[in-house]
Every structure is written in structure tokens, then in C-alpha cells.
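Residue numbering for the sequence shown follows our numbering, starting at 1 and increasing by one per position.
One thing to keep in mind: the hints can contain errors.
[Unchecked claim] Straight-line alpha carbon distances no greater than 20 Å define the calculated EDC-like cross-link-like pairs of lysine to aspartate or glutamate that follow:
#	residue 1	residue 2
1	Lys173	Asp76
2	Lys196	Glu218
3	Lys113	Glu64
4	Lys231	Glu218
5	Lys142	Glu98
6	Lys302	Asp121
7	Lys123	Asp170
8	Lys123	Asp263
9	Lys108	Glu64
10	Lys129	Glu98
11	Lys169	Glu98
12	Lys61	Asp76
13	Lys221	Asp170
14	Lys233	Asp249
15	Lys189	Asp145
16	Lys123	Asp249
17	Lys52	Glu31
18	Lys156	Asp249
19	Lys173	Glu127
20	Lys155	Glu218
21	Lys177	Glu127
22	Lys270	Glu218
23	Lys109	Asp170
24	Lys123	Glu135
25	Lys105	Glu65
26	Lys110	Glu127
27	Lys173	Glu135
28	Lys130	Asp170
29	Lys315	Glu127
30	Lys113	Glu65
31	Lys90	Asp121
32	Lys146	Asp170
33	Lys122	Glu31
34	Lys101	Glu127
35	Lys101	Asp121
36	Lys222	Asp121
37	Lys109	Glu98
For the record, the hints were derived by calculation from the structure and aren't laboratory data.
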Amino acid sequence: MNKKILLITADPNSINSEIIYKTWKKINNNEKKEIFLIGSYNLINEQFKKLKIKTKVYKVKNLEETRFSKNIKILDIPLVFKNPFFVSRKASSKYLVECLKLCNKLAKKKQVKGIINCPIDKKLLKETKKIGVTEYFASICKIFDKSEVMMIYNKKLSVVPLTTHINVKDVSKNITKRLIVNKLLSLNKNFKKLFKKKPKIGILGLNPHNGEMKKNTEEIKKIIPAIYVLKKKGVNITGPLVADTIFIDNYKKFNVLVGMYHDQVLTPFKTLFHYNAINITLGLPYIRVSPDHGPASDLIGKNKGNYLSLFQCVKFIYNLNK
């Protein structure tokens, strides 16, 4: 059996059904054969009706079914709803977690080439006490050393935030030498495994102008000592780099830039590449990717959703090891 691609329909209150359909129209029949949706059969059919999409979705029982190989097929996760685009947060949260659990179970059985989850409102994971899908998958895969890595990928450049979805005021106290070392060793190992080449990594400082390299700054106390350890372990790393100029032109010297917090690297990255990027979680026992944008609930039903990032997710996983 060829390994399959699992596509989680994810947040009901989103543009996900729209971008799934737009992506489906653009991919070829070989790619369609490998894709299985995870989600509510009734929900996505009702959403398609609301969007005036006439394509039918077929319910299947397992990944071995071949009857609907060129059609949109779904492993059903039941969901009770009245309005298909305005499902309660409690029901949406429970539904999302069930989707993620099934994907994890199937992926661990080695039946799956990779997982793609469509965008979600992170508040749906509140009851799991995890702040994002990256952290949730790390938890259920029992990765407790924080070596999971959120990497936003484009062929020309990737970026990694050292800390992910936390408030800016909490960034400094969450940065440690150990965290930097664990994250970057994982990044170095898994980037090489995935792309068959050793990455050139640039790491940014936290403070403006690297805090002028004053002795009590994070650069001196945490980042530079971590760089020293990483170089001794064979990591090709340069830094700390000054964050306010690196994205002008010098970013082209690197495969990956690592920032200290989410927006430090994602804001300039998205300015450069817009929707032409995907979110890859490194460090899991399987490949997990997602579009690099949110659920865009303000665009529901308007046929304005940009499908490019989801399309790139499908292409990326399909072409792995080919």
C-alpha cells in the first residue's frame, strides 16, 4: 500500500472547505489518490452546498479503500451542528482534538506519508492546555525536551521562532541556553534528514543592535554560549545577527534564520513571500505541515480564500522522497 496523505479539515468556522476544494481542482489524479480527509462527512458536504460547490465527498472506512480514488474521500469524525459555518466553540474544540488524535494514531502505524492540518483558531486547543498544534502534537508524541521545531518554509529561505505563541513580555524569561541548543540540534538533524543537506543557520539576537553586547543582555548570557556549544557539535551556525537588517539582503546567505520570538522572523518572512510558504513541524516521528495562515473566519462564504499555501503543503508531502 502506498502511504497516504492525511488532510485534517480542522476548524469548522473557517475558509478550510473553500481552500480544500480550490486545492483539489489544481492537483493531479496521482496526488488525489493519496489524499484522505479527516473530518465530518456531513459538515463538509453542507459547507460545500453553502458555497455552491457541486463536488461530492465520499465517506470511507479506512486508508485501504480504493473505490473513490480520484474523488474527495473522508474518514468521518461525527459532529453535531445547526449552522455548518457557525459551530459552537465547545463542539469545535472536541471535534478538532478527535481529528488530531486519529491522525496521530494512523501516522504512528506508518500508514501515512504526512499530515496536513488546515488552519485553526488556537483557542480551540485551550482545554488541552497547549497553545498551538505544534505543541499539541509534541505532547501526544511525548516530546518533553522542547525539541519540536516550528519552521516556516520556502525554497529560498526558512525561518524558525525559538519561542512560539507566547506574549512578548514573556519571551526573555523563556529563552535559555538549553532551549537554544535543543531546538537547533533538532533543526540541524531534521533539516538534513528532510532535505538531504546540512543547513546554514543564522541566529538573531533579541535586543535592538544585540543590546550593544552589554554584559547582562540575553546575547551575552544565553545566545553566544549556546552558539559556542552548537559549533562544537558541528552545527553550521552564525550569530547573533542584528534583526533589523538581516532581512534586507543578507538573509540570502542562509537556509534558515532562527529568531527569538514569533513575529521577529514571521513578519519580515511573510512580507517577502506572502502565502508562498508552509509550516513544517520538525522533531516529530512523522511529517506534519500546515498552511502558513489562520482560519480567516471573516472571509467565510465570500470565495476570497487564498489556497496557495495549502496547495504547497500537498505538493511538498507528495514529492517527498520521489
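Verification of the hints:
Distance check on the hinted pair: Lys173 and Asp76 sit about 43 Å apart at the alpha-carbon level, beyond 20 Å; violated. A threshold of 20 Å between alpha carbons decides the hint, and for Lys196 with Glu218 the separation of about 33 Å lies outside it, so the pair is violated. Pair hint Lys113 plus Glu64 holds up; C-alpha atoms about 14 Å apart against a cutoff of 20 Å. Between Lys231 and Glu218 the alpha-carbon distance is near 19 Å, which keeps this suggested pair within the 20 Å criterion.
Taking the CA atoms of Lys142 and Glu98, the gap is near 18 Å; set against the 20 Å cutoff, the hint holds. Between Lys302 and Asp121 the CA atoms are separated by roughly 19 Å; this keeps the pair inside 20 Å, and the hint holds. For the hint linking Lys123 to Asp170, the alpha-carbon distance of about 19 Å falls within 20 Å, and the restraint holds. Distance restraint check for Lys123 and Asp263: the Cα-Cα separation of roughly 19 Å lies within the 20 Å cut-off, and the hinted pair is therefore satisfied.
With a C-alpha separation of about 16 Å, the suggested pair Lys108 and Glu64 falls inside the 20 Å cut-off, and the hint holds. With a C-alpha separation of about 15 Å, the suggested pair Lys129 and Glu98 falls inside the 20 Å cut-off, and the hint holds. For the suggested pair Lys169 and Glu98, the alpha carbons sit about 33 Å apart, so the restraint of at most 20 Å is broken. Of the pairs offered as hints, the one joining Lys61 and Asp76 holds, with about 8 Å between alpha carbons and a cut-off of 20 Å not exceeded.
Of the supplied pair hints, the one linking Lys221 and Asp170 holds, its CA atoms being roughly 17 Å apart against a limit of 20 Å. A C-alpha spacing of about 28 Å is found between Lys233 and Asp249, which places the hinted pair above 20 Å, so the restraint is violated. With a CA separation close to 15 Å, the supplied pair Lys189 and Asp145 stays within the 20 Å bound. Among the hinted pairs, Lys123 with Asp249 is inconsistent with the structure: their alpha-carbon atoms are about 36 Å apart, more than 20 Å.
Of the pairs offered as hints, the one joining Lys52 and Glu31 is violated, with about 24 Å between alpha carbons and a cut-off of 20 Å exceeded. For the suggested pair Lys156 and Asp249, the alpha carbons sit about 12 Å apart, so the restraint of at most 20 Å is met. For the proposed pair Lys173 and Glu127, the alpha carbon gap of about 25 Å is over 20 Å, so the pair is violated. Restraint check: the Cα-Cα separation between Lys155 and Glu218 comes to about 31 Å, which exceeds 20 Å; the hinted pair is violated.
For the hint linking Lys177 to Glu127, the alpha-carbon distance of about 30 Å lies beyond 20 Å, and the restraint is violated. Straight-line distance between C-alpha atoms of Lys270 and Glu218 comes to about 26 Å, which puts the hinted pair past the 20 Å bound. At most 20 Å may separate the alpha-carbon atoms for a hinted pair to count; Lys109 and Asp170 exceed this at roughly 38 Å. Restraint check for Lys123 and Glu135: satisfied, since their Cα atoms lie roughly 13 Å apart, inside the 20 Å limit.
This hinted pair checks out: Lys105 and Glu65 have alpha carbons roughly 18 Å apart, not beyond 20 Å. As the CA atoms of Lys110 and Glu127 are separated by approximately 28 Å, the hinted pair breaks the 20 Å bound. At most 20 Å may separate the alpha-carbon atoms for a hinted pair to count; Lys173 and Glu135 meet this at roughly 19 Å. With a C-alpha separation of about 16 Å, the suggested pairing of Lys130 with Asp170 holds against the 20 Å cut-off.
For the proposed pair Lys315 and Glu127, the alpha carbon gap of about 33 Å is over 20 Å, so the pair is violated. Taken as a hint, the Lys113 and Glu65 pair is honoured in the structure, with Cα atoms around 16 Å apart against an allowance of 20 Å. For a cut-off of 20 Å, the pair hint linking Lys90 to Asp121 stands: about 12 Å separates their Cα positions. A C-alpha spacing of about 16 Å is found between Lys146 and Asp170, which places the hinted pair at or below 20 Å, so the restraint holds.
For the suggested pair Lys122 and Glu31, the alpha carbons sit about 29 Å apart, so the restraint of at most 20 Å is broken. Between Lys101 and Glu127 the CA atoms are separated by roughly 14 Å; this keeps the pair inside 20 Å, and the hint holds. Proximity of Lys101 to Asp121 is assessed by CA-CA distance (about 17 Å); at most 20 Å being required, the pair is judged to hold. Our distance criterion of 20 Å between C-alpha atoms is broken by Lys222 and Asp121, whose separation comes to about 33 Å.
Using a Cα cut-off of 20 Å, the hinted pair Lys109 and Glu98 holds, with the two alpha carbons roughly 17 Å apart.
Of the numbered hints given earlier, the model fails hints 1, 2, 11, 14, 16, 17, 19, 20, 21, 22, 23, 26, 29, 33 and 36; all others are met.
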